Amino acid sequence: MRRPTRLELKDLLAIDPTRRLAIKGDLSFALLDMPNRDRLLARAVERRTDLQAAASRVIAARKELSLANREIIPNLTVFGFYREEAGGRDKGGSDITGGGIGFELPLLDRYEGERQIATAELAQAQLDQDNLQREVRLQVLSAISAYEAGRERADALSDAVLEAAESSLELTRRSFAAGKVGATAITSAQNNLFDVRRDYLDALGALVTAGTDLERATGGLLVMDSRGASQ
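Using the numbering used here, you'd call the opening residue of the sequence shown number -4 and step up by one each time.
No wet-lab data here; the hints were simulated from the structure.
Note that this is a predicted model, so its numbers are computed, not measured.
It cannot be assumed that every hint is accurate.
[Unchecked claim] Listed below are the simulated SDA-like cross-link pairs for lysine to any residue, each with C-alpha atoms no more than 20 angstroms apart in a straight line:
#1 K58 - E107
#2 K175 - Q185
#3 K175 - E165
#4 K58 - G108
#5 K58 - E116
Using the sequences and the hints given, assemble the complete structure.
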């Protein structure tokens, strides 16, 4: 490992730059244990806070429209009365009791402006919700496709490919020692091994990024499964 790369790695690991660093083991990755697409889409609807906020705005707009519609209902009033005529029944007169229900009939279109505003706000909230749902669906499907493509690329650059490039370099070195090939053959084999390693690391990096994008699109963490991803 080159010195600048070692120093950068030590900085990421927060260890003493003067400390000797020995890297051992094989580089591998764990696949995401992905549910099927319908479940991932359902999970996004449940977990995405922006979708939850859009649904809340629709509910609030419905309540506002309901309040505006109730304003046009006439206010009913109930009344009763009692009076005595000619001194009342005890004095040969009469007692009169009665009651009724009254309400106002609006001659003008009362609260029409409020109802129009509430109706427009509800329509806009529903439109925003529909657009966001479509956008989230596209995000999830795109993230799934990117992750599957990244997984295929990483699988194509498996340990077997790395081992083949390493074996090729070793055989080339032996051939050079035996005088069968020149120095350019070793350089070519080394460059091939470096290219394979770089492509493999790039594939792993792209796979991790695709997994992160998928988790972000669905609004929650996905389980890592070293045995592979379920369909």
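> Which earlier hints turn out false for this structure, listed by number in ascending order?
Replying inline: none
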